[in-house]
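Let's have the full structure, built from the sequences with the hints guiding it.
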Amino acid sequence: MGQVAWKALFLSLFDYKTEKYVIAKNKKVGVLYRVVQLSILAYLVGWVFVVKKGYQDTDTSLQSSVITKLKGVAFTNTSELGERLWDVADYVIPPQGESVFFVMTNLIVTPNQRQDTCPESASIPDALCDNDTDCLEGEAVVAGNGVKTGRCLKDRDSTRGTCEILAWCPVEKRSKPKKPLLGSAENFTVYIKNSIRFPKFKFSKMNVLATDNESYLKSCRYSQEHPYCPIFVLGNIVRWAGGNFQEMASEGGVIGIQIEWNCDLDKAPSECNPHYSFSRLDNKSAETSISSGYNFRFAKYYRDAEGVDYRTLIKAYGIRFDVMVNGKAGKFNIIPTIINISSGLALMGAGAFFCDLVLLYLIKKSNFYRGKKYEEVKSSSRKSLSSPTLNGNQSPDQLGTL
Amino acid sequence: MGQVAWKALFLSLFDYKTEKYVIAKNKKVGVLYRVVQLSILAYLVGWVFVVKKGYQDTDTSLQSSVITKLKGVAFTNTSELGERLWDVADYVIPPQGESVFFVMTNLIVTPNQRQDTCPESASIPDALCDNDTDCLEGEAVVAGNGVKTGRCLKDRDSTRGTCEILAWCPVEKRSKPKKPLLGSAENFTVYIKNSIRFPKFKFSKMNVLATDNESYLKSCRYSQEHPYCPIFVLGNIVRWAGGNFQEMASEGGVIGIQIEWNCDLDKAPSECNPHYSFSRLDNKSAETSISSGYNFRFAKYYRDAEGVDYRTLIKAYGIRFDVMVNGKAGKFNIIPTIINISSGLALMGAGAFFCDLVLLYLIKKSNFYRGKKYEEVKSSSRKSLSSPTLNGNQSPDQLGTL
Amino acid sequence: MGQVAWKALFLSLFDYKTEKYVIAKNKKVGVLYRVVQLSILAYLVGWVFVVKKGYQDTDTSLQSSVITKLKGVAFTNTSELGERLWDVADYVIPPQGESVFFVMTNLIVTPNQRQDTCPESASIPDALCDNDTDCLEGEAVVAGNGVKTGRCLKDRDSTRGTCEILAWCPVEKRSKPKKPLLGSAENFTVYIKNSIRFPKFKFSKMNVLATDNESYLKSCRYSQEHPYCPIFVLGNIVRWAGGNFQEMASEGGVIGIQIEWNCDLDKAPSECNPHYSFSRLDNKSAETSISSGYNFRFAKYYRDAEGVDYRTLIKAYGIRFDVMVNGKAGKFNIIPTIINISSGLALMGAGAFFCDLVLLYLIKKSNFYRGKKYEEVKSSSRKSLSSPTLNGNQSPDQLGTL
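Taken in order, these protein sequences are the chains called A, B and C.
FYI, in the UniProt record's numbering the residues of the first sequence are 1 to 402.
FYI, in the UniProt record's numbering the residues of the second sequence are 1 to 402.
FYI, in the UniProt record's numbering the residues of the third sequence are 1 to 402.
Hints in this document: simulated from the structure, not taken from any laboratory.
In this text the structure is predicted, and so the values were computed from the model without any measurement.
Just so it is clear, CB atoms sit at the ideal spot from N, CA and C, and this is done for glycine as well.
Some clues are possibly wrong.
[Said to hold, decoys possible] 20 Å max Cα-Cα, derived SDA-like pairs, lysine to any residue:
(1) B:K200 x A:C272
(2) C:K27 x A:K364
(3) B:K71 x A:I124
(4) C:K315 x C:K202
(5) B:K17 x C:F353
(6) B:K300 x C:T312
(7) A:K364 x A:G349
(8) A:K202 x C:V51
(9) C:K202 x B:S61
(10) C:K17 x A:A352
(11) A:K7 x B:E376
(12) C:K179 x C:S79
(13) C:K52 x C:I40
(14) A:K331 x C:E172
(15) B:K71 x A:T312
(16) B:K52 x C:T60
(17) B:K154 x B:N131
(18) A:K53 x B:S61
(19) A:K176 x A:T76
(20) A:K53 x A:F201
(21) A:K300 x A:P94
(22) C:K28 x A:A352
(23) B:K300 x B:P170
(24) A:K25 x A:Q37
(25) A:K173 x B:K71
(26) B:K200 x B:N326
[Claimed, not checked] Cβ-Cβ distance ranges computed for the label pairs, FRET-style:
(27) A:N333 x C:E139: 31 to 41 Å
(28) B:S175 x C:G138: 53 to 63 Å
(29) A:K53 x B:D266: 19 to 29 Å
Written as structure tokens, this is what we have:
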């Protein structure tokens, strides 16, 4: 038996087997089916392939290198610092021109700090005291500048005072210029050089036009008219990010410069160009002082003739620029193509299934079609074998009529 | 002929063609098929859609910006440095509060180095010498601090000595406090602000609660109870990463702070929250001194009255924290949905194919069913045309019985 | 009616329905179909699964942490600086050993700059003047070093001069040593430690061999023979990147060190190893001076006895190394497997469809086969019900012969 089966199987290997179809001359369902087919086809071609480029393999993990270089000088004249000129080496931190750079626009300078004892700033709750017992010796002031020495310092006529601390003295006095010191930083320019590489496709490119016209690259400024000019005016960046430069300059903030590479590598490399967008990253919206603005402290260390260290503490407010590069490259690839096509084909099958339901159960003569589509075969009775052709095409209800 | 064919083709365009099925009244295979169908359905719905969210398009390339800010002071009293207070400006490198920051917890200070000649450190093999010929003039000491002057310096009564070198003298003496200098850094806190953006979905969020309760954000500390508090105690971070703070503080190390954004954008944005995890990145496990611990050297440069440069060399041991943000956002999208559904449908087809095999070759009456399923048509004999209905339903074995 | 339909539907739930096939004893099409099937199978197994590992789920978003450490000293002897030795603390910027580090190889030093007035550098077009009116007071010099004081300074006998500016004086004189100062940096070595983690698969690894042979890690140098040694000679890196070290050292440049982790996590973790590649990121090719080379300015600040700040401005040329890590991990996953398999199955369907076209429209007896494949059913006439079997198998052309 199995023998015969396998033999038959082998013999029939090169017979072509094709499904048998029943033609239902029912225009309603026929049209319905064509409509379904067409819509699936339209979806497949129009949406999946044309819009979503479903025939492409994509690479979203790109390697990127960013070089930034600022230009500009600012002149300030304050009581504290006197006439002073600020150049790149003064206000850019860190100086190396990496993808994240900070432009100092406002600062609180506390010069000549030395290791010493002095009263803690009165603005720190934990430092307030009525008498020495409030200043536990050796205890660090919470959110403060030093460790308590155990003494409570008061003015002659006041009842409350602040603990004496051992710290870098004098401590910073909490007050910063309302008006940003380097407000003119608005006119500084930054040159952003970005080279990217899509490892999967071994494709590299830069955001700097490969132009001979060097003077253009020196004089141009990025704008709608010059979308490929890599030189940006800080003031514009902030404005495009929806910020107010002067206000950010005094409070500090973080600006994201997004460079987006959305490349269709089936086209010419010259079609693959960066798209810049700017956004503010410190949520000004939520008015929680703790999470708005941007500042940090650093110090310049000196040593006097006696070899004693002293320092100038600087609380720097300013704008940090994060250059964030992301991208997507697509290139024709057979696998996603086939996955999408065959998913479409499978959909056709689903469509046919749906139309079958209509034909077999929802229209008037469904009963009849059901009989035609499904050919019932009984193998129990001997009779069935004698007249296969008869019951071959009988549908349930016809049997009922016999 | 072709003409007719195309005509017929066109006419039949709106006939609905549906596969003809043979109903095999065989409950065994029938049940089997239903089981297969159900399991495929269960897999598709349960696993692919519910668990794996197969109906979503995902974006794994997110843009992220991190701001960090440390708080805390430490008091030390050593023979070398005397009483000294360390604040943020002293121990945080770099100061700008980027996503990678270093907290100095232990250090070897070599003050007052000047460009001069002095004996190389005896701990460097290449610097050992018996006589001047071992110190080739102008040759740099391998893994050392300077270039040899050609002289071999010995103590009066010893036979071996070390080469004299031109370098920043005196050279650093290789010994660091066993006990970390700034062990109290364990109590320092770091405030981590992270804003992310999923470019594909134009979705942005921050890890700082948009709360009015500002005092909460100032006083809270991250823990199981406060999963959305962005302020971390260094000691806890190290503990959660499976490290021992004091030991790391003296040897140095690298801690990874992973912030994971796993967002289902079909839900409310408020459901998209960061998940923090901590891990140690320098493999303490492998006890190779070369690859464990973390330290680097930097110098503070001074200039004396004569305008000669000198410097304080600092070999800083400490903990580097790398804030690494990664994330995945999913949002309903028709394409993956259809791909998954249709892959399921295709599976159904595979199931049917499998059941066919059972029906046609593995059960008792398979022979009979095979005859029913496959309708053999011969086109050679004229006879076949005259009585299509007859041989139409004949299966091989029936022909045999005639 | 609907009642009966639903009843029949339920009763027939456990009948197994299988498509009825027509066996076309046409070897041509049969062979064609087998060929199509085999090629699809070959494509599926060979390409999709073996080559493209279509059975794997992939993770391309990896977390990475990089620690770098340079070793080497350089001795220079110039008129400006005299005999000077450069060690790590001098030439590595920033010192922390992050993934992006800069090795200073050439520099322009402008010592003892003070806030003062002095003539602007003559190399700046905007600073040239014939008389004071050309130097608008308070106006910043475009791409210059300061703000104009309003005076035009000339040598006695020349007609043209340069504006006097308030700036850090004297201004930098634009000339840098043709021959790089630290050319010997070519022999410096950098130790790169990279730990990665694939969050999706919770898989971590390092690029440092977990070897006990510590001396190997101290003495080895990366090369074709030692692909897993994490210590690189700068000169080699530049050469492998296709650059000339001496030339880059004098002009500056950026080198990308790509570490690629391409891991098949179905294999042993030990099979998952980094692959290093090196490339030059500043496009030397395009000879636009603005976008080639790499340099930045920074200053060391001093304070003299009178407490007046002065600084040494350094324009640093050198090589920036960007360690860029990217990777892809694949692990068996049922979903992509099924998607690929079922896409293959759907393809089979497409193949069958194609062969049908051949059978039904392109071969000689296609007309006949069409009649067999499509069984026309009419439901309009009462007659049809009385003799279903007759017209049951009639194909269009046969009807034509009646």
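Verification of the hints:
{"no.": "1", "hint": "B:K200 x A:C272", "result": "holds (18 Å)"}
{"no.": "2", "hint": "C:K27 x A:K364", "result": "violated (42 Å)"}
{"no.": "3", "hint": "B:K71 x A:I124", "result": "holds (14 Å)"}
{"no.": "4", "hint": "C:K315 x C:K202", "result": "violated (45 Å)"}
{"no.": "5", "hint": "B:K17 x C:F353", "result": "holds (14 Å)"}
{"no.": "6", "hint": "B:K300 x C:T312", "result": "holds (14 Å)"}
{"no.": "7", "hint": "A:K364 x A:G349", "result": "violated (24 Å)"}
{"no.": "8", "hint": "A:K202 x C:V51", "result": "holds (18 Å)"}
{"no.": "9", "hint": "C:K202 x B:S61", "result": "holds (18 Å)"}
{"no.": "10", "hint": "C:K17 x A:A352", "result": "holds (16 Å)"}
{"no.": "11", "hint": "A:K7 x B:E376", "result": "holds (17 Å)"}
{"no.": "12", "hint": "C:K179 x C:S79", "result": "holds (14 Å)"}
{"no.": "13", "hint": "C:K52 x C:I40", "result": "holds (15 Å)"}
{"no.": "14", "hint": "A:K331 x C:E172", "result": "violated (49 Å)"}
{"no.": "15", "hint": "B:K71 x A:T312", "result": "holds (19 Å)"}
{"no.": "16", "hint": "B:K52 x C:T60", "result": "holds (18 Å)"}
{"no.": "17", "hint": "B:K154 x B:N131", "result": "holds (9 Å)"}
{"no.": "18", "hint": "A:K53 x B:S61", "result": "holds (19 Å)"}
{"no.": "19", "hint": "A:K176 x A:T76", "result": "holds (15 Å)"}
{"no.": "20", "hint": "A:K53 x A:F201", "result": "holds (17 Å)"}
{"no.": "21", "hint": "A:K300 x A:P94", "result": "holds (14 Å)"}
{"no.": "22", "hint": "C:K28 x A:A352", "result": "violated (29 Å)"}
{"no.": "23", "hint": "B:K300 x B:P170", "result": "holds (15 Å)"}
{"no.": "24", "hint": "A:K25 x A:Q37", "result": "holds (18 Å)"}
{"no.": "25", "hint": "A:K173 x B:K71", "result": "holds (17 Å)"}
{"no.": "26", "hint": "B:K200 x B:N326", "result": "holds (15 Å)"}
{"no.": "27", "hint": "A:N333 x C:E139: 31 to 41 Å", "result": "violated (57 Å)"}
{"no.": "28", "hint": "B:S175 x C:G138: 53 to 63 Å", "result": "holds (57 Å)"}
{"no.": "29", "hint": "A:K53 x B:D266: 19 to 29 Å", "result": "holds (24 Å)"}
Hints 2, 4, 7, 14, 22, 27, counting from the list given before, are not met by this structure.
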